[in-house]
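Enquirer: The primary structure of each chain is shown beneath.
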Amino acid sequence: DQQVKQNSPSLSVQEGRISILNCDYTNSMFDYFLWYKKYPAEGPTFLISISSIKDKNEDGRFTVFLNKSAKHLSLHIVPSQPGDSAVYFCAARSIQGAQKLVFGQGTRLTINP
Amino acid sequence: DAGVIQSPRHEVTEMGQEVTLRCKPISGHDYLFWYRQTMMRGLELLIYFNNNVPIDDSGMPEDRFSAKMPNASFSTLKIQPSEPRDSAVYFCASSPSSPYEQYFGPGTRLTVT
Chain A
1 DQQVKQNSPS LSVQEGRISI LNCDYTNSMF DYFLWYKKYP AEGPTFLISI
51 SSIKDKNEDG RFTVFLNKSA KHLSLHIVPS QPGDSAVYFC AARSIQGAQK
101 LVFGQGTRLT INP
Chain B
1 DAGVIQSPRH EVTEMGQEVT LRCKPISGHD YLFWYRQTMM RGLELLIYFN
51 NNVPIDDSGM PEDRFSAKMP NASFSTLKIQ PSEPRDSAVY FCASSPSSPY
101 EQYFGPGTRL TVT
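If you read the protein sequences in the order shown, they are chains A and B. Residue numbers for the first sequence follow my numbering, beginning at 1 and rising by one. Residue numbers for the second sequence follow my numbering, beginning at 1 and rising by one.
Please keep in mind that the hints were generated in silico from the structure rather than gathered at the bench. A portion of the hints provided could be inaccurate.
[Claimed, not checked] Calculated pairs, BS3-like style, for lysine-lysine (alpha carbon to alpha carbon, straight line, at most 27 Å):
# : chain 1 : residue 1 : chain 2 : residue 2
1 : A       : Lys-100   : B       : Lys-78
2 : B       : Lys-68    : B       : Lys-24
3 : B       : Lys-78    : B       : Lys-68
4 : A       : Lys-68    : A       : Lys-100
5 : A       : Lys-100   : B       : Lys-68
6 : A       : Lys-100   : B       : Lys-24
7 : B       : Lys-78    : B       : Lys-24
8 : A       : Lys-71    : A       : Lys-5
9 : A       : Lys-56    : A       : Lys-5
Using the sequences provided together with the hints, build the complete structure.
Expert: Written as structure tokens, this is what we have:
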């Protein structure tokens with residue numbers, strides 16, 4: 001049972017344009033959501049998060065949107081840069097799960113010059 | 001801070017041998033997590049500790065796997081005996097009590113032949 005789903009395994013975007021990465025979840029007890037970025041041969045690094053009491057959080061070029069009714073969140077990167085090429089994971093924390101995070105399968109983002 | 005430190009970075013061993021992976025969390029973090037990443041199953045949580053006490057080991061695949069945290073600055077994940085299907089990248093992560101962001105180490109790539 002995959003509670004956090006990233007249905008697009010890969011995404012290719014032109015440099016300077018907007019990248020939109022999507023994530024769907026099924027567990028209504030999730031109250032905190034995170035995005036991580038992972039480069040090859042490195043561990044995932046925390047990017048941005050959002051609490052379920054908000055619908056938007058912005059940090060520089062990165063914005064996360066949360067639509068609770070649709071159980072959907074997205075990560076927008078504007079403008080996209082070559083260094084953004086990486087695998088992006090969304091993750092969620094459940095009220096019942098204490099500090100546990102459930103991760104999606106990841107989306108590989110490629111920024112083309 | 002140096003971040004989460006894992007050793008070794010790469011481990012190649014023969015089936016049946018004992019493997020020990022090591023982790024030093026970020027100083028002051030109350031939680032420590034062990035994950036395994038494979039192509040088939042993605043990033044899955046094996047076990048996590050709070051203040052050196054194991055809280056949830058439901059992700060540990062079988063009795064061949066064991067984890068310890070003898071003090072706040074050190075943890076081990078042991079596989080005995082190892083099998084080829086244990087080949088994966090193993091990540092250690094740590095986090096404070098709040099917020100929920102976890103900080104990952106660089107991972108140990110384990111190959112069991």
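Enquirer: When the structure is checked against the list of hints, which entries are broken? Sort them ascending.
Expert: Hint check: nothing fails, all pass.
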